Amino acid sequence: MAETIIGNNITIEGDITGSDPLTIHGTVRGSLQIDDLVTIAASGHAEADIESATIEVAGVVEGNVTASDKIDIKAGGRLIGDVRAPRVLIADGASFKGNINMQD
Amino acid sequence: MEGANVIGADTLIQGAIQGRGSLLVAGRVRGSITLEGELETAAGAEIEGEVSVDVGRISGRHQGNVRATSEVILNAGASVSGDLEAPIIRISPEATLCGHIQMNLEIPRNPGSAGRRR
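From first to last, the protein sequence lines stand for chains Z and V. Heads up, the first sequence stops at 113 in the numbering used here, and the numbers go up one at a time, no gaps. Heads up, the second sequence stops at 100 in the numbering used here, and the numbers go up one at a time, no gaps.
A hint or two may mislead.
[Stated by the list, open to error] A partial selection of chain Z residues facing chain V, derived with a Cβ cut-off under 8 Å: (1) 12; (2) 22; (3) 24; (4) 26; (5) 60.
It is worth saying that the hints were derived from the structure and are not from the lab. Since the model is a prediction, treat every value here as computed from it, not as a measurement. Cβ atoms here follow ideal geometry from the backbone N, Cα and C, with glycine treated the same way.
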């Protein structure tokens, strides 16, 4: 399957939508609306609201995050914003500030 | 994998893309691409907006100007509606261009940056 990869030397100011799994190693300011999977990698920085089925955060996210399946904040990941998802994983070593709503 | 930059065929980016390195666009971009590096647009790619790069290898559809500090190549199937500006320009017989061509020896990379003589 095709995928979209934003490397750590790329900055995007704007909105990203689509069905390809999206991995961010760089910087995005705007919004992300992706069908299945958004991964903010360790060097990634998203100042954006994010919507997807699964959202994995190993880098920094400042924005509201809505997942239809799962949000996973990895050790070293930082999320500042509100989380809506039926399943929420926050690893030991992750950083989180915001509200969590797990109800549909 | 961190160095590779790819916009997948089913991805749309509305906004400004900027940075360094190589970028392959197989999907759609509405906005601008400003890249210190090489841009490649695949056959199904659609770009609406200004492109300012070092090297542009175009196989997709562009609406907007394409400026390169080194080279612009329009491959077979490429379609550009806009101006091309680069010291070296190659256009395949199977490419389509509607716009002006300008070949300068010294092209400013983008406003605010120092120009580079090659």
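Verification of the supplied hints:
Here the hint on residue 12 (chain Z) is kept, as its CB sits about 5 Å from the closest CB of chain V, short of 8 Å. Proximity of residue 22 (chain Z) to chain V holds as hinted, the smallest CB-CB distance being about 5 Å (cut-off 8 Å). With a least beta-carbon distance of about 5 Å to chain V, the hint placing residue 24 (chain Z) at the interface is held under the 8 Å criterion. For residue 26 (chain Z), the interface hint holds, the least distance from its beta-carbon to any beta-carbon of chain V being 5 Å, beneath 8 Å.
For residue 60 (chain Z), the interface hint is violated, the least distance from its beta-carbon to any beta-carbon of chain V being 14 Å, above 8 Å.
Hint 5 from the earlier list is the only one contradicted by this structure; the remaining hints agree with it.
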